[in-house]
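Asker: Here the protein sequences come in this chain order: Z and W.
Our numbering puts the first sequence at residues 1 to 681.
Our numbering puts the second sequence at residues 682 to 777.
All clues given are correct.
Not everything, but these chain Z residues come out facing chain W in the computed CB check (under 7 Å):
#, residue
1, 111
2, 114
3, 255
4, 257
5, 261
6, 262
Over 12 Å on every C-beta distance to chain W, these chain Z residues come out as not near it, computed from the model:
#, residue
7, 208
8, 322
9, 513
The hints are simulated quantities; they were obtained by calculation from the structure and are not laboratory data.
What you are looking at is a predicted structure, and each value in this text was computed from that prediction instead of being measured.
In this text, a Cβ means the ideal position worked out from N, Cα and C, and glycines have one as well.
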Amino acid sequence: MAVSEPDRSTAADEAGAAAEIALLGQPNVGKSTVFNTLTGLRQHIGNWPGKTVGRKEGWIELEGQQQRLVDLPGSYSLTAGSEEEQIVRDYLQHQQPEVVVFLADAVALERSLYLLSEVLALHKRVVVGLNRVDVARRHGIHVDAQALARALGLPVVPLVARDATGISELLASVEALRRAPERCQPSPPQVRPRSAAALARIAERIRPAAPAPYDPHWLAQKLLEGDPQVREWAEAWLSAAEWEALDDELHRHEEVVLDILGARCDWVQSIVQAAVERPRAGQASWTDRLDRVATHSVGGPLLLLALLAGVLGLTFQIALPLQGWLDATVVQTAAAGAEALLAPAPGWVSGLVVDGVITGVGTVLTFLPILAIFFTLMGLLEDSGYLARVALLLDRLMHAVGLHGKSALPLTLGLGCNVVSVVGTRIIESRRERLLTILLAPLVPCSARLAILAVLAPIFFGDWALLATLGLIGLNLAVLAGLGLLLHRTALRGESSAFLMELPLYQRPQLRTTMYHVYAQLKEFVHKAGTVIVLAATAVWALSSFPGPGIESSALAQIGHWMAPLGDLMGLDWRLIAALLSSFVAKEVAISTLGILYGLGEGAQGLAEALPAAVGPASGLAFLTVAMLFIPCMATVAAIRQETGGWRWPAVSIALLLGVSVLGGIAVYQGALLLGLGGGA
Amino acid sequence: MIRRVLAELHAAGGAVDRRQLARRLAISPSMLETVLERLDAAGYVEGVTASAAACRPAACRECPVGPACAGGGGGSGPQRLWCLTEAGRRAAARPD
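Looking at chain Z on its own, in the form it has when it is part of the complex (with noise of 0.2 Å):
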């Protein structure tokens, strides 16, 4: 057994000095500052043998006599977790300090009364230092020294250690207590009866063979936490036969642990009950009164409605004018400017530039301020705090289907970016569930597919829009939960639970920043125009180009008219397939896409004037729908196929949204016949 035997070669044991003091606490507790305080340069540095960890030790004078003080390792529990913590429990068992000085944080003292109620069942003389008392009464935190004294059976001494304040005071304490050990009647926490008959009957077990000066009783409940060290020693000490049977009891009665932990954590929070006030925060309780809402299981999914159908109101009755504005003035403009200026050059270059480029291109731009103004409230109620509620209530929808607590963060995340929720998902060991959550994560309606249905639900649906826009989304996350519930409970059956996460505060949103991630995106989305939009749009103009003569002669009129018969049960013509395949590429291509097929050929106009005179509502929901469910995109597969390992998992999820996307564009449009909706495209 390695036990930490503390170097003594130093000056002050030539002087002959007695029993050394400890100096304990958990890290960042302030424990340098009040050693260095204490000792000043009367400090000497090394290493606890046989470990990597510094050990300082120092002088200090206690009624005229100099005495050690040794600076035991921060440590947060004395579990065989860390070398620290090691050092810290060898050191109160094999030394024995005469005092143990232990330092208390006033801000968060149910961690420091954590690891005071372990130590307390090592070495009962303990002075315990309050340090931050300042910091904890700017946090409108009261700690009453006396009252914690009282509670512990211990001295307090309250202390500001940055400025020494209290600093002798806590010698004096100290010197007290070295008259006085009777000082300290400290009550430690005890187990329930039931517990406590079985952690006897361990440590009547290892009691013969148990060398001092190690208590059995402690030595049972290390073993009952599963501490790995103390299991060592056992199985060292014992006989085969003995740790067997040993080992039985401890297996017979594991949930014991329970009891000792939660024996301790009563202890610490019966002492803050009786020693600590903590006013409420007018910060805190504004959260806590808007979150009765936002959290709440019926008020919440009511609330986040309504927000949403702000944001999509206020963007079609904002964006729509200047988006019209935009597509007349500048699209238009360039479009009959570069006609004029290519007229001397080949057709199909003024083809490519006007109707392909400009055309293609042209269209998403003038979407920008659709966009600016989604991304500007949604950015407001992500900077208010608010979204982070979204995660929470979309968890509840997750936990209903089955899944585990971990997946709704990746799925979250999807709101943004799906190739963000496919890697998210690293985060769940179980293959189970990753592969469960990769699988859903396409269905998480992403910022592109959002765009899609803010630029495209007004062209189709007019006043309409925003009720249509609430029901897709509605539909995607209800097709999102039926898919997970089905998986669940086939292919990829498990138990789910939920999670305990960490709401933020709510705050008044900063414009700056706001606009800061408005600016981001927007580049993003300008940058994707010009590099993989541009490719799509020349690529889809080719293809609606050649061989001609027309566009109904041509190579794409010809893959679409191969699926009109799957296309006519969804009522979507082979230019909204087209522009359904072409949405792979990225989900913004599909606008591009409309754009040069709906604005192509003579008497070209606007998307926003040809594509209601071309299509029927009940194409145009159908359409959505297929949209909103349809395969990832190229990024989100390759992400798949990266964090799956290769390319079974990216051809299931294609295989299983293409059905999905189909079956419930079929299902949209029959469903929208048969409610009187006009139908063809």
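Given chain Z, put chain W in place with the hints provided.
Answerer: Frame of chain Z; chain W shown alone:
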């Protein structure tokens, strides 16, 4: 208290806000944090941490869940997300 934390997590229909749970249990958020740390050490709850095998291809700072993940980019900050482990679910389901 410690069994109530497990029971509340087990019974919750989805995500639970730490502040709301602390209020329901009539304890401070700092107390709940301490309880969670101890339950984590005993293997009854686990912090949401990206698995090393899954993380290998990318650096933590590039990971979208880095700020929330104890093992990743957010490792230096406080743990923000917790789940029940299998042992935690078993213990919570068993009557006290």
